[in-house]
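K.L.:
Please take these sequences and the hints and turn them into a complete structure.
Residue numbers (the working numbering), protein chains in the order written: chain Z, 1 to 382; chain E, 1 to 396.
Some hints could be false.
Sample of chain E residues with no beta-carbon within 10 Å of chain Z, all distances over it, derived [to be verified]: (1) T219; (2) S300; (3) V312.
The calculated lysine-lysine pairs, modelled on BS3-like cross-linking and capped at a C-alpha distance of 30 Å, are [unchecked claim]: (4) K13/E - K292/Z; (5) K54/Z - K119/E; (6) K75/Z - K125/E; (7) K135/Z - K300/Z; (8) K75/Z - K330/Z; (9) K207/E - K218/E; (10) K54/Z - K125/E; (11) K119/E - K292/E; (12) K292/Z - K135/Z; (13) K292/E - K207/E; (14) K125/E - K292/E; (15) K330/Z - K334/E.
Output of the computed footprint for chain Z on chain E, the stretches with three or more beta carbons under 8 Å from beta carbons of chain Z [stated by the list, open to error]: (16) 48–56; (17) 194–206; (18) 336–349; (19) 366–379.
None of these hints come from the bench; they were simulated from the model.
In this text, a Cβ means the ideal position worked out from N, Cα and C, and glycines have one as well.
Chain by chain, the residues:
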Amino acid sequence: MTTSAEVHFVRSQFSEPSPPPMRTSGIVHWLRENLFSSVLNSVVTLLIVFGLYKIIPGLVDTLIINAVWVANDSKACVADVVGHPVGVCWGFVAAHWDYFVFGQYPETMRWRPELFFALEVIGLAWLLVQRIPRKDLGMIYFFIVFPIVSYCLLSGSETLGLPIVQTHYWGGFLVSIVIGTVGIVISVPLGIILALGRRSHMPVARSSSVVVIEFIRGVPLITVLFMANVMFPLFVPEGWRPDSLLRVLVGVALFFSAYMAETVRGGLQAIPRGQYEAAQALGLGYWQMMIKIILPQALKIVIPGIVNNFIGLLKDTTLVAIVNIFDFLKVIEASLNDPVWRTSGMPFAGYLFAAIVYFILCYGMARYSMSVERRLATDNRH
Amino acid sequence: MSVVNGGRPSEAKVVFYNDPRIRSLFFQLVLLALIVALFWFAYDNTVANLKKRNIAQGFGFWNVEAGFDISQTLISYSAASSYGRAFWVGLLNTLLVSGVSIVLATILGVVIGILRLSKNWLIAKLATVYVEIFRNVPLLLILYFWYRGVLGLLPEPKNSIIFPGHILLNTRGLLTPRPVLGDDFIYPFVAFVVMVLIAIGLSVRAKRVQESTGVRPKTGWLSFGLIVLVPSVIFILIGAPLSFDIPVQGRFNASGGMSLAPEFVSMVIGLTTYTAAFIAENVRAGILAISKGQTEAAQSLGLSHAQSIRLVIMPQALRVIVPLLNSEYLSLTKNSSLGVSIGYPDLVSVFTGTVLNQTGQAVEMVSVTMLVYLTLSLLTSGFMNWFNRRVALVER
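P.N.:
Structure (structure tokens):
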């Protein structure tokens, strides 16, 4: 047994407590770490703060305080007429609000596009919000029921008692959303078929899919739109005279099918071979295997990619303005050319408004796609 | 299942329409027939429609006088030139705006991508705001914004904004002094080329010495001196054979100097600011893909911060970045076709726009334009693949 006498040294009083560590939490620590970690960083931080201090009050002034919110013509937004400095002329947007949303769609029938917007929101929410069950019914609704109902609703149908509205009355945000919707409704199934074709063992199917995909991805959307606009009428018998909006829709849908095909192909390649073999071992045929086993898994992985494609699609719908379709951007352009509203500062207001609308839509979708990506990433962690 | 000799399953007897080979052949024949029918349908209708509308076919128009002017031409062109000449003018304009924008967008994109990873919270946030704004707004809107919203606010020529160095900015675009080279300018230029070659030779030799001895001879300052000082000294000794044609502000127009059309300036600013946001994301992704262990390993080998980025991080990050850059460059080149919307005379605007309107030969114009873009895409991909092979991981 050891006794205390054998212990060589025992401290009999407490040593001086060492000083507490530098704070590792709280505001001071955060500032020190993120803004003032070195001399150079501190200088840069101060410069930026100074710059923001100079810019932000001016911005708030221009965008909100000095902005004109109600205006009947451009005079209300000219500093000399009003008598005080004038910021952005939001009155221009307010005065054209209905035109920006519906174009020249007959005023008494605007409940139809409004109902269309509502149906669209329901369909998108069904497919994209994870908590809503029965995605299979959602697919049938969005890709089959909704397009048919929307077509009857927007362009009219005599049997249902809805007067026909020619597409050249359609315009504004409505047309942008229609193009985007038709683009996604057609390009997803067509993209899946092209992707399956590209991975098929049949040489004819594979080579024709590759040619279509690579050709379309190699040319700009504008040339495809020009082709749809000037060449498509030549391809069909003379009596057909395809509607100008329809031509553009065909062009956009084809164009995005190629991009969608590459996205879906990524998903198909990510499915392990074992899944294919297991399906075949169960005696499933090609289509049964694809529809029941492979595609549900592959499409789930590529949801972020499809949403990103949709962001690109929505941004690129603006290009139809070049072939004279009155989409959201084109109606703003047209309003800017109205002599009543012509002043040098007006384009700024119009384009800023368009930018804000597109930004909200695209940024929202981008955040959604990022959240899905994060969810999928945790799903795979076993 | 019937099992015969050797325990191997015999070829199961199936009806011929259930034989996978025959099925596959059948489906392919049907597909082929459909494709041929579709093409025949389109071709037949096109020929009939063209005949009915009295539209010429073929490329006879190529040598016909164009009869319209183009605002920006890199090669000599006038209204008396042929349509073929107009095609080359448009193509060169497309290449010019794409090339300039690719260089600027890469620089801006790399800078912003690195800034997004800055340790300074404010810098990182500002870079993020930039990226999110430009990624989520249509390019066409950005072009309109710069062209009509910003450049449209510029003053008339008589009230030009004047920057130091005789640079004028007005509704006619950006006017800069134009260098006028004297006859003797060839000497400093030749000296410059020779010195660059010598500097390259020095660095090759330095590398060889480094590989055999492990010590790299310092060549940086020597090369700098050779490339900058020698031509400058020659330039000054022979009496500075260089003058500038300075733009003069007139009442309605400015004269002299070199001018960049507002359409060109808007295109370059628009394409650069838009694509830079995407490139920044790629650069950030590439750098984040390199594990922290690489930085720590580099530091433990005694490399400085700059060295570890240049010799360890960047070469690996490039492997991720280069394929992504490839697709950004491709889409930038394709996006340059949006010049048609603000009147920049690029290929689409000149050929698919004006020439198509004058001749009505839609099939030829659209096909030629598409072929050009396809070729450009293939060439860009080819170059980037070559570059990618150079930076790719060498498996030993």
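K.L.:
Next, verify each hint and record whether it holds.
P.N.:
Hints versus structure:
With a closest Cβ-Cβ approach of about 29 Å to chain Z, T219/E is found to remain outside the 10 Å limit, as its non-interface label requires. Every C-beta of chain Z lies more than 10 Å from that of S300/E, the closest at about 22 Å, which supports listing it as non-interface. Once the 10 Å rule is applied to beta carbons, V312/E is consistent with being away from chain Z; the minimum gap is 22 Å. A hinted pair counts as satisfied when its Cα atoms are at most 30 Å apart, and K13/E with K292/Z qualifies at roughly 28 Å.
Distance restraint check for K54/Z and K119/E: the Cα-Cα separation of roughly 24 Å lies within the 30 Å cut-off, and the hinted pair is therefore satisfied. For the suggested pair K75/Z and K125/E, the alpha carbons sit about 39 Å apart, so the restraint of at most 30 Å is broken. Between the alpha carbons of K135/Z and K300/Z the distance comes to roughly 11 Å, so the proposed pair stays at or under 30 Å and holds. Simply put, K75/Z and K330/Z have alpha-carbon atoms about 23 Å apart, close enough for the 30 Å limit, and the pair holds.
The suggested pairing of K207/E with K218/E holds, with an alpha-carbon distance near 10 Å, which does not exceed 30 Å. In summary, the hint linking K54/Z to K125/E is supported, as the alpha carbons are separated by about 18 Å, within the 30 Å threshold. Note on K119/E and K292/E: the hinted pairing holds, with a Cα-Cα distance of about 15 Å set against a maximum of 30 Å. Distance check on the hinted pair: K292/Z and K135/Z sit about 14 Å apart at the alpha-carbon level, within 30 Å; holds.
For a cut-off of 30 Å, the pair hint linking K292/E to K207/E stands: about 29 Å separates their Cα positions. For a cut-off of 30 Å, the pair hint linking K125/E to K292/E stands: about 22 Å separates their Cα positions. A threshold of 30 Å between alpha carbons decides the hint, and for K330/Z with K334/E the separation of about 21 Å falls inside it, so the pair holds. Counting residues of the segment 48–56 of chain E whose beta carbon lies closer than 8 Å to any beta carbon of chain Z gives 4, which reaches the threshold of three, so the coverage claim holds.
Look at the segment 194–206 of chain E against chain Z: 0 of its residues bring a Cβ nearer than 8 Å to a Cβ of that chain, fewer than three, so the hint is violated. Coverage of a stretch by a chain is defined here by at least three residues with a beta carbon nearer than 8 Å to that chain's beta carbons; for the segment 336–349 of chain E and chain Z the count is 5, and the condition holds. Chain Z is given as covering the segment 366–379 of chain E, and this holds because 7 residues of the stretch bring a CB closer than 8 Å to a CB of that chain, at least three being needed.
Against the hints set out earlier in the document, violations occur for numbers 6, 17.
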